[in-house]
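Given next are the chains, with one letter for each unit.
2 protein chains.
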Amino acid sequence: MGGALLTDLYELNMAASYLRRGMDHEATFSLFIRHLPPSRGFLVVAGLEPCLSFLEGFGFDDDDLRYLATEPGYDEETIERFRALRFTGDVWAVPEGRIASADEPLLEVTAPIAVAQLVETYLLNQITFQTTIASKAARCRIAARDRDLVDFAFRRTQGIDAALAVARTTAMVGFAATSNVEAARRYGLRAAGTMAHSYVESFPTETDAFRAFAQDFPTRTTFLVDTYDTANGVRAAIEVIRELGLTGPLAVRLDSGELDALSRESRAILDRAGLTHVRIFASGGLDETDVDRLVSAGAPIDAFGVGTRVGVSADAPYLDSVYKLVEYDGRPVLKLSEAKATEPGRKQVFRGEGGDVIGLRDEPPPPATEPLLVPVMLGGKRAGPPRNLETARRLFEADLARLPEPARRIANPQPLEPALSDALKRLTEETRAEALRRAGARQTPPA
Amino acid sequence: MGGALLTDLYELNMAASYLRRGMDHEATFSLFIRHLPPSRGFLVVAGLEPCLSFLEGFGFDDDDLRYLATEPGYDEETIERFRALRFTGDVWAVPEGRIASADEPLLEVTAPIAVAQLVETYLLNQITFQTTIASKAARCRIAARDRDLVDFAFRRTQGIDAALAVARTTAMVGFAATSNVEAARRYGLRAAGTMAHSYVESFPTETDAFRAFAQDFPTRTTFLVDTYDTANGVRAAIEVIRELGLTGPLAVRLDSGELDALSRESRAILDRAGLTHVRIFASGGLDETDVDRLVSAGAPIDAFGVGTRVGVSADAPYLDSVYKLVEYDGRPVLKLSEAKATEPGRKQVFRGEGGDVIGLRDEPPPPATEPLLVPVMLGGKRAGPPRNLETARRLFEADLARLPEPARRIANPQPLEPALSDALKRLTEETRAEALRRAGARQTPPA
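These protein sequence lines are chains A and B, in that order.
Oh and the first sequence: position 290 is 293 in the numbering used here, straight run, nothing missing.
Oh and the second sequence: position 308 is 311 in the numbering used here, straight run, nothing missing.
It is possible that part of the hints are untrue.
[Claimed, not checked] Quick look at which bits of chain A chain B covers, simulated, 3 or more residues with Cβ under 8 Å:
| id | stretch |
| --- | --- |
| 1 | 10–19 |
| 2 | 411–425 |
[To be verified] Computed footprint of chain A on chain B, listed as stretches where at least three residues anywhere in the stretch have a Cβ under 8 Å from a Cβ of chain A:
| id | stretch |
| --- | --- |
| 3 | 35–44 |
| 4 | 387–396 |
[Unchecked claim] Taking CB as the label site, the calculated pair distances span:
| id | chain 1 | residue 1 | chain 2 | residue 2 | range |
| --- | --- | --- | --- | --- | --- |
| 5 | A | H38 | B | E268 | 25 to 35 Å |
| 6 | A | H38 | B | T292 | 12 to 22 Å |
| 7 | B | G62 | A | R405 | 18 to 28 Å |
| 8 | A | E74 | B | G382 | 34 to 44 Å |
| 9 | B | E79 | A | D66 | 51 to 61 Å |
| 10 | B | D211 | A | G191 | 52 to 62 Å |
| 11 | A | P252 | B | T73 | 14 to 24 Å |
| 12 | B | R89 | A | R24 | 50 to 60 Å |
| 13 | A | D66 | B | R435 | 33 to 43 Å |
| 14 | B | R86 | A | D66 | 54 to 64 Å |
| 15 | B | A414 | A | A300 | 52 to 62 Å |
| 16 | B | D305 | A | D66 | 53 to 63 Å |
Quick caveat, the hints were computed from the structure, so don't treat them as lab data.
In this text, a Cβ means the ideal position worked out from N, Cα and C, and glycines have one as well.
Model the full structure from these sequences, guided by the hints.
This is how it looks when you write it as C-alpha cells:
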C-alpha cells in the first residue's frame, strides 16, 4: 500500500477539505482527450494497466503521513482521515490497444469524491503519456505496411520508466522487437540489436570486425555496413557470409545517408551474390513520415528501427487530456465557463459500422453496436485478471483493420468524429439549463 | 547491484564480443549534444546524479544472467564474464546546474571498453532527458525575471519518473515550488497548490467554496477565481478575506482567459479594496514565451504556474545527444564518415571572460579560465559525496548571471559557440590524417 503522494498538492487540499466537511458523496470523473494534435487522426488507448495497479494498492503509509503532518502541515484529524483512505470505487475503461477518438471517455472513475480526486494526477499522467506514444507508434505501423518495426528509443526517451513504457506500447501496436533488454525481459518481447559503429572501428579492418561478430553470433548476424562506405560494407559482409558459410538469419543494417538509394544498391549487390535471403534493415532518426516515404517509393527495406522521434512523440509530445467531474451525488455536472461544454453524466461509447456514438452508460445500446468501455474495477477490485499485452495487440489489430482511410493517413489525417446519442444531447441540454439557473444564484453579484 | 539490463541489446552483443576476445583496453567515451534546437541558446546540465548512482551499483544479478542465458541465449562463458563485470572506471563531468553549449563534453567515461559501452544507454537517457528539461525551464526563469515559478507538470509528463525529474530540474534552475508532493518530499522542495474548478463547483456558491477552503487552510489560501467570472470571483475572495479576517499569505489564481487584462482588472479590484498584499498567480498552458510576453507587458502577475509544455519541453522534447568513442587503448579516435568530425581525445572545457574553449584534458589551462569538467568518479567510486540540489542551484545562478544576452533571448536566441584550443585542433588534424591512412588499408576494396 502506498503511492498516495504521487499527486498534486491541490488534490490533497481538496480531499482534506471534502473529508473534514463530510462531503463523501460519489463522484464520477471522466478522462478524455479534448483535441487531437493536427498530425493525428485517431488515438490508441494505453496506460490502463499501471493505473489499475496503482488504484489496487492506493493508500498512505506511515512515512507519507508523517511527511504530510509536517509539510504542508495537515492537522491530526486530517491525517487520520487520510490514513483510512483506500480506493473502493469502480472504473470503467476502454481496454488497452483499442482505437478511440477525441471526446470519447477513455476511463471513468466513480468513487467518494475525495479519493476520486486524489487519483487524478496519476491516472492522467499514465493514460496521457502512454496513449501519446501508442498513437504515434501506430502511425509507424500504418506507414510500414508489412515491413517489421523495431523500437530503438531507449537512449533518448524522457527517463527510464518512459523507455519501458515505450517498448510496451510499441509492442502493443505490432512492433516486432525492441532494443531495450529490460523491457524485453519484463514484457516478454523480442530483443533486437547488432553492433555500433564504435565496434567496427575498434578492429583493424571492417572485414575483421564483421568476421569477429559473425563468429561470436553466427545464428543472428546483422552487419552494420555504413561505418566507412555502404557498398563496400555490403561487400565485406558478403565476404564474411561466404567465408564462414553463415546460414542463420542474416541482415545488413543501413544507419545513415540516402536510405532509398543505398537500400537499392545494397539489395542489388546482395542479389548478384545470390544472397536474396539477406534482409535489409534501416535506421537513423526515422519517424512515420520517413518510413512512409521509403515504403511508398518501393525501397527494398525489410525492417525499420525507429527511435527518439517516436519514443518522445516528437511532433506532439503530449495530448490535451482532462479529468472532468461529470456526476456528483447522482446529479449530472457540467462546467459552463468552458468554450466547449463537457457533456455530463456517466458515459459509454457505442461502436458500429457507421462510426462511434458517445451515449450514456445506461441507455440501451443502438442496434449492431459494441460498447467500448468495460468495467475493469468494481468496489476497488479488478474486474478480471490483468489483461496481457497479447490481448491488447489483438484488439489493436482488429480496430486497425476497420479504421477508415482518412484517419489512417500519414499526411493530413482526418480525425474520427464520434456522434452524440440523443439521450446524451438531451441530458446535456437539461444540465446546461439547470446549471444556468443555479449559476444565477451561485455567482457573486457585482459589488 | 543490478541494473545492467537497462541497456540496448547491441551493447550486450558488443560487450560479449570484446570480452570473449580479450579486448579489455581502456576506452574513453565522450557524451555531448551535437546541435541545439533552434529555440535554445544554451544548455543547463542535469541528470548526473542518477548516472553516478547507476554506475556505483552497476552489475548483473542472478536473475539478469538467467534471462540472458535463455534470451537471447549467450553462452556460459559469456554469462560468467558478465557476472564479474563492475564499473571500475573514471568519470569526469560538468556538474549539474552549470550552463554549457553544444559540442562541449558534458560527461566522459574512461573504463575497459566492454563496460564503458554497456553503460551508454543509461547515461545518454538520463543526461539527455534531464538536460532537455533543465534547459527549457531555465528559459522560463529568464522570462519570469523576479516573478516566482511553480512546476505544475506532473499530470502530463512522460511518466511518473519523468515528473519527479522535472520537479528536481525545475528547482535546480530556481523554480520556487512544485505541485508534485512526492517530489517535494524526496528532494526537500516546497509543495504548492490550491484547489481545482471541480472544488468550486461542488459547493452551492463560489463564496461558499472560498469560505470552506479558507476555513480549512487559513494560513495558505489561494482562491481560484475563474470558475464562473473572474472579476466576480475576485470580489467573492475579498468578501471571504474580510469575513474571516484572513491575514496569512493570500493570493488569487487566474487559470484561463486573457491573463494580461484579467490580472490588471483583478489587481485594480484588490487594490481598491485595500488588499495590495494579495498576490496574483497565473497558470494555464503557459510556457516561457507566454511568461515573457506577460512580464514584458507589465501584467501585475506575481507568480506563474507552468506545466505540460515545460515538463515535456514541448517545442524540443529531446536533444541531439551522442556518446562517442574518442580514445581507445591510449590512442585518440575519430570517425571519418561523419559530416562533422568528432574531435578525438579526452577533453576539458576552459571557461573564461571571453567564452569557452574546448581543449584537451591534460593541456595547461589558458590563463584566467576555470575548468568545467571535474572528476566525479574515480576507480568506480564517487570522488565526493553526492552534490545536493542546493549546490546545483548555486552553480546555475552564478552561470546565469554571466550568460551573454544573445544566448538568453527568448525569441531567436543565439547559441553559445565554444572555441577549440590549438592543442585540440592539432590532435584532430593528426588523428584525421592517421585515420585516413588507416582507412585506405581498412576498407574493403571494390569487388
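Against the structure, the hints:
1. 10–19: Holds: 9 residues of the stretch 10–19 of chain A have a Cβ under 8 Å from chain B.
2. 411–425: violated (count 0)
3. 35–44: violated (count 0)
4. 387–396: violated (count 0)
5. A:H38 <-> B:E268: 25 to 35 Å: 28 Å, holds
6. A:H38 <-> B:T292: 12 to 22 Å: 20 Å, holds
7. B:G62 <-> A:R405: 18 to 28 Å: Hint violated: Cβ distance 48 Å, outside 18 to 28 Å.
8. A:E74 <-> B:G382: 34 to 44 Å: Holds: the Cβ-Cβ distance is about 39 Å, inside 34 to 44 Å.
9. B:E79 <-> A:D66: 51 to 61 Å: 44 Å, violated
10. B:D211 <-> A:G191: 52 to 62 Å: 53 Å, holds
11. A:P252 <-> B:T73: 14 to 24 Å: 18 Å, holds
12. B:R89 <-> A:R24: 50 to 60 Å: About 57 Å separates the Cβ atoms of R89 of chain B and R24 of chain A, which means 50 to 60 Å holds.
13. A:D66 <-> B:R435: 33 to 43 Å: Since the Cβ atoms of D66 of chain A and R435 of chain B sit about 57 Å apart, the hinted range of 33 to 43 Å is violated.
14. B:R86 <-> A:D66: 54 to 64 Å: 35 Å, violated
15. B:A414 <-> A:A300: 52 to 62 Å: Check failed, 38 Å falls outside 52 to 62 Å.
16. B:D305 <-> A:D66: 53 to 63 Å: For D66 of chain A against D305 of chain B, whose Cβ atoms are near 34 Å apart, the range 53 to 63 Å is violated.
Checked against the numbered hints above, the structure breaks hints 2, 3, 4, 7, 9, 13, 14, 15, 16 and satisfies the rest.
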